[in-house]
Structure formats: structure tokens, C-alpha cells
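Visitor: Protein chains in written order, with my numbering: chain A, 1 to 317; chain B, 1 to 433.
Keep in mind that the hints were calculated from the coordinates and are not lab data.
Note that the coordinates shown come from a computational prediction; the quantities given were computed from them, not determined experimentally.
Be careful, since some hints might not be right.
[Said to hold, decoys possible] Derived contacts from chain B toward chain A, CB cut-off under 7 Å, selection only: (1) 250; (2) 254; (3) 258; (4) 290.
[Stated by the list, open to error] Examples of chain B residues toward chain A, derived with CB under 7 Å: (5) 60; (6) 79; (7) 92; (8) 158; (9) 255; (10) 259; (11) 262; (12) 395; (13) 410.
[Unchecked claim] Some residues of chain A that are not near chain B, with every Cβ distance over 12 Å (derived): (14) 64; (15) 125; (16) 162; (17) 169; (18) 211; (19) 297.
In this text, a Cβ means the ideal position worked out from N, Cα and C, and glycines have one as well.
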Amino acid sequence: MITKDHSIAVPRPLGTAVERKRAFWSRHRREVLGGIVLLSPALLILTGLVIYPFVYAIWLSFSDKMVGTVAHFVGLKNFRYVITWPQFTAALYNTGVFTVVAVMCKFVLGMAVALVLNQQIRGRNFFRAFLLLPWVMPAFVVYLVWRWMYDPLQGLLNYAMLDLGLIQQPIAFLSTKETAMPSVIIAHVWRSFPFYAISFLAGMQTIPLELYEAAQVDGSSRWQQFRYITLPSLYHIIGVVVLLTTIWTANAFEPIYLLTGGGPSDATTVYTMLVYVMGMVNLRLGEAAAVSVLFLPLLIGLVLVVTGLLQRRNDNA
Amino acid sequence: MVHQPSGMTRRQFIATAALTSGAAAFGAFVAPALGQQPKLVYWAYQFLRSSDEARVNFAQEWAAKNKVEMQITLVPWKEFMTKITAAIQAQATPDIVESGGVELRALGQLLDVTDVYEKLEKEHGGWLGSSSLYMREPDGHVHHILYGLAGAVVIARKDLLAQAGFQKPPETWEEVLTQAKKAQQIPRVYGIGQPVSNQTDSNIWEIVMRGYGARLADEQGKKVVLGDYKREVWAFLDYFMEVWNAGVLPPGVTTWDNTMNNSTYQSGKAVFVWNAITISLWLQENNPDLLPKTAHYAFPAGPKGRVWDVGYASRSILKYTKYPDICKQFLLDSMDVKKMDQELSVSQWAPVLKSYLPFEVWNRTDYMKGLIELATKGNPEGYPDVFNDAWREQNTHTTISRLLQRLVVDKWDRDKAFAETLEVLNKIYGKYA
């Protein structure tokens, strides 16, 4: 190429500074960088609120951290200590029983109530709103009321049963080994089942009525309609609700703390009670973190079982 | 266009601007800070309303008088450790607290207040009873200042006991059981309203056990020796099983919380409870009919002597405070004789300083008289064991109450339950050895 001054313009060889800059800011790179910039707030939040506390809790479990002191690495010492702690096995067993039984009861009760409230009954809207009452009340209030109802000296249940002649002696519902856990589960189910009922009810209202009409024409029974239309249609809602509440129930602290304090003996001691006593009462955060970390496989196991069951059902469908 | 030079060069302009900004910043931030009052955060112990109000009112008046901004928060004992734990971890601690003196001292969180301790000792003619034992550490340092002693007394329905033919207070634990069995009127009134649960009020049973001669650890508080006291423990367990089998404990005691013995007595459903005099102060305001029927006795003795634990209430300063001298002055002024005369007349505390003994309040009622007895005759918590971190941890674990629950709830045999108790104690004491 000849320029105005008749000199020959030599094309700039590739690799000069300008070219390199252009190559660096290629479209692909710009997109990648833009993506990183857009993702960074979410990543920062995730790191700060989820990953850091999680990793820190694991680090604590390997340390001798007490409140206000500098943590030192102690290896598996905390794990050895808590595994051989007399209440640990009981806590493991009780957490499993409490979670599985409570989730099952909440599911059945929630489904039953949702089915009733999905019918054309008088005052349906009132009952739907009323249903939420246990769920919206503060847990503290709910469990203290239940505690009073169960009380053998001044409680409503014993008064009523004694008056009706159903029992001769008051029953200490929360204080015998046989009745303590069922009593705690009943109170917890009462407080928590509305979440199931409302979620299932919301799902039921999205099921087309034509499906039921067609089933009726084909002569299917109520049970068959429930089994082959309602349940499969609620499948995804059931999955989310059961998964969430399994985690919530396994981590429940208030019902045990407020109703029994883990007693009588260790009949209702769940892992959150152990964590509370070790971390908050004895101020030994390392031991408390070790209990939490040891229970992590149980929680993950429960979640995997639930998701596995749901996945299998999904594949079959 | 002709450029009109201004009267200021660029350098002059920048210098002027910088000076102006500096002055503005000083005006906006620094000057108010210089004139600002010191701000103290005070976490007061919340329990008995009249006592809480007296301390809060004093703090407010003191703050106004000393030109200090005081932020006061009432914190129930049960919530204190949770809150202070979070505050320390978040590095947002209060300046002065009224709970957890021993626990926070062990964690190295408190300011040394030995000078305050010595000044008070000199000005008030000395400390009473076990007070100094709670404050003075082996190296002579002091990190918290006691303002009250407290402990359980035997609170009893003297009307029901009189009906059953008992005019004198029980001298021994055996007598308590005898009187309880005869005076109770099941199912309306039970003999002994005391928890056997996982809550700290159940530690009364450990005090009873020490009255039977058992102790948990050696003189240094390092090595568990309970295994050497099997005979004494067995004698205590015999007594407890007699109590349990006699049906004098109300149904449900194995899950009672720390309020249940109070509410059971206050509602007239127990002959005996062992509690602080808060029950009587509550009755004074809320159930005046029951108060004249109520007697207050010293703790009974076991076969090996009387053990009567005295607890404490104290103030301490967190070491992170920006105003250590002002906080120390508050601690000193809080112990003023005139102020304490008013405060102790509406509180549940026994006196800690000798200058408080002449107060008129101690002659007012029999339960206030009992507080003087408690202050002078009571022993530090855990006696004859050493009140240290290991003892405190086994205490919050309610180790002896759990031993009892293994027998009556889980139906374990004694040897198995005792072996578990020894294992737990060894694990706890082993951490602090």
C-alpha cells in the first residue's frame, strides 16, 4: 500500500501493543469478565453467609475454642470426647426417631386437612385462615401452652381426664420415659402441620377439575382419584415440603428445650440440646461444633433418603 | 477572549480548600466527639422486679450525676451466657455485667478490680461469710465484686406441719422426709416440691449427697475421688429412693424446669421446697394469705454434717471497656451503704459487707433474718469440693440428678448408674486437670 507521501506502509506486525490489547479484550473475554462481575455479588454473599460459616464450624470442631479465647488445633480430641459422652448415642437415636415420626405425622395430618379444606364446605375461607394459627404463633408461646396442658398438677389434660373418670391418677406426660417423646412429637406436629396443609392445599387448587370429572365418568372411586390424580399432581410440592421440613425438624430445638429440657434422663435429648449445653452453657464451642459436624452425615443421609425416594418416584412416573 | 487572572493562584486555591474542608470535618465529627459524654453499656441481672428496678434506678441517677450516658439492659440469668457469648464473639461487649462473674473470669474476659475490692474491704470493715472466697483468686487478684449472697433455704407450710403434729423445723434430711410424708395431702399437696431433672435447681440433691459425706474431687479440685466414697453415696441413694418411693415428690419432677418448684409452692401444692427467698417475696405481693402459713428454715444436716451452699450476685467489668476508671467508680458507688440499705430491703440478697449488718431490714421478717444466717453460716458452692471450672461444668450438667434419674427413670441398677457418673466426672475433670 502506497501512502500520500509515497512511502510504503508496512502493515503492523501482529503482536504489537495495540494488537495485543485488542486480542485481550476479545468478545469472548469481555463476556467472561462481564459474567464474573455479574456473579460476584451472589458469590460474595454465598461465601460470606454459607461457605465461610460452614468451613469455620468445621475448623472449630478441630479446635479447643472457648468463648473469647484463641482457638488451637487439637485434632480429633473433640470428636473422641463427644462420641464417648453418655448422652451422645441417645441423642443420635432420639434425633432420628423425632425427625422421622414427626415428619410422617405432619405429612399425614397436613394431607388430610388439605383434602378437607379443598372441598366445598361452609366457612372454608375462615378455616383456611384459622389453620395457620399454630404456625404463626411464636414457638415459645406454643410450647409453654403445651407444657401447661401436659402438667400433671395443674394441666388441662389431666383435669379433664380425671373429671371424666378416664384416669385415677394424674399422668406425667412429659416425665415418663414411655410418654415423653410421643408428647413432644404431638406438640411439635400440632405447631408445624399447617405448613404442610397450606402447601398441599395450594397444590390441589392447581389440579384441573376435568381430571376428576373424567375419572368419575370412568367410575373411579375417591381413593383411586386421590391415588392416581391428587398424589401424582402434588408430587413436586410434596418433595419440596418434605425435604425442607426434614431439615427443620432434625434441627428443632425449642420443642425439646421448652417442654422437657432433654429429659426425663436422656429420653428426649436430641443433638441440638447437646450442642446448646456444650456451646452455650459450658461455652466450649469446639465440642459443640464437633457434635454438629458428627450429625452432619445423619442430616445429609435423611435428605438423601427423601430425595432418593422422590427421584425414584419421578423416574417411575 | 482575554483571560482575567483571579487574585488567587492555583496553589493558594488548593491550600484554602484543604483548610476549609479540614475545618468542616473537625466541626462535623471531631468537635462533638470531644464534647461527648462517655457511654457505658450495662447489662443488669433480671430476676425480682423490685430489686431490678432499684438497681436500674440507681444506675440512671448515677449516670445523670456523673454525666455518663448509660444504656441499661435487663438480662435474665438463663439468657445471659448466650448473649454474652455472642457479644464477645462479635466484639461488641457491654462495659459492666451483673452475671457470669466466675465464668467470664475463667475465660479471661474481665478487668482486674483488686483495687476496688480492697477499697471496699477497708471502707466497710470487711467482707462477710463466703464473699471473699468467691472473689479472691489463689494469686490474690479479684475480677468481680459481689453485691449479694443468695442460697436456698427450706421453705415450709407450717400450718400443714402443725396439723400433722410438727412444731419444730426439721434438723436432718431424714426428718424432712418424715414430716413431708405425714403432712402431705395427696393429690392436692405433695410433701417435697423439688425437681429431679436436667435443670440446675436439681443440684440441691448434690448438696444433700455432700451432707451424707461424699465429695466429687480431691482437695485441689483436680482428681475425681467420688469412687472412694461409695458407701456415702449408697447411703444417700438409700435416702433418695425412700423419698421417691414414699410418693412425696409430685408427678412430673423429672422434667421440671427451674421455675416449677416456685410455682408449685406458690400455688399451695407443696409442703417443703428448697429455694431462694424469692418465693416469699413473691407471696408478699401476690399471695399474702399463704405467707403467714410459710416458715423459713436453715438447711437440714446429713449424717456427716450440714452443707448449705451459698451462691452470689456480682458485678464485673469487661476488659474491652474504653472507660475502666468510670466503670470502677460505678462499682464502688454501687456498694454505698445508704444505697444498699434501700436496695437490700426490696431484694432477695443476703449482705456481703459487714457495714450492711445493722440495716433494719434484717429484723423485719423471719425470712430476712434467715438471710443473715445464710450469709454467715453458709459455705461456698461445692463445699467441700473446690468451686472451679470443672465443678461448675459438672454442676451445669446436673451430674448427680442424672444419676438419680438413671435409677428412677431408666431403672438402671446402682452400680451401672454410678459407673456412668464416675465416667462423666472423669471426662469433665480430665479436661481441666
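Visitor: Evaluate each hint against the coordinates.
Guide: Hint check results:
1. 250: holds, 6 Å
2. 254: holds, 4 Å
3. 258: Result: violated, 10 Å to nearest chain A Cβ.
4. 290: violated, 16 Å
5. 60: The hint is violated - residue 60 of chain B has no Cβ within 7 Å of chain A, the shortest such distance being about 29 Å.
6. 79: With Cβ-Cβ at 10 Å, over 7 Å, it is violated.
7. 92: violated, 13 Å
8. 158: With a closest approach of 22 Å, the residue 158 of chain B hint is violated.
9. 255: Residue 255 of chain B check passes; min Cβ-Cβ to chain A is 5 Å, inside 7 Å.
10. 259: Nearest chain A Cβ about 11 Å off; hint violated.
11. 262: Violated, because the Cβ-Cβ distance from residue 262 of chain B to chain A comes to roughly 13 Å (cut-off 7 Å).
12. 395: violated, 10 Å
13. 410: holds, 5 Å
14. 64: violated, 9 Å
15. 125: The assertion about residue 125 of chain A holds, with a minimum of 40 Å to chain B.
16. 162: violated, 9 Å
17. 169: violated, 8 Å
18. 211: holds, 50 Å
19. 297: Correct as stated: the minimum Cβ-Cβ distance to chain B is 24 Å, above 12 Å.
Of the numbered hints listed earlier, those contradicted by the structure are 3, 4, 5, 6, 7, 8, 10, 11, 12, 14, 16 and 17.
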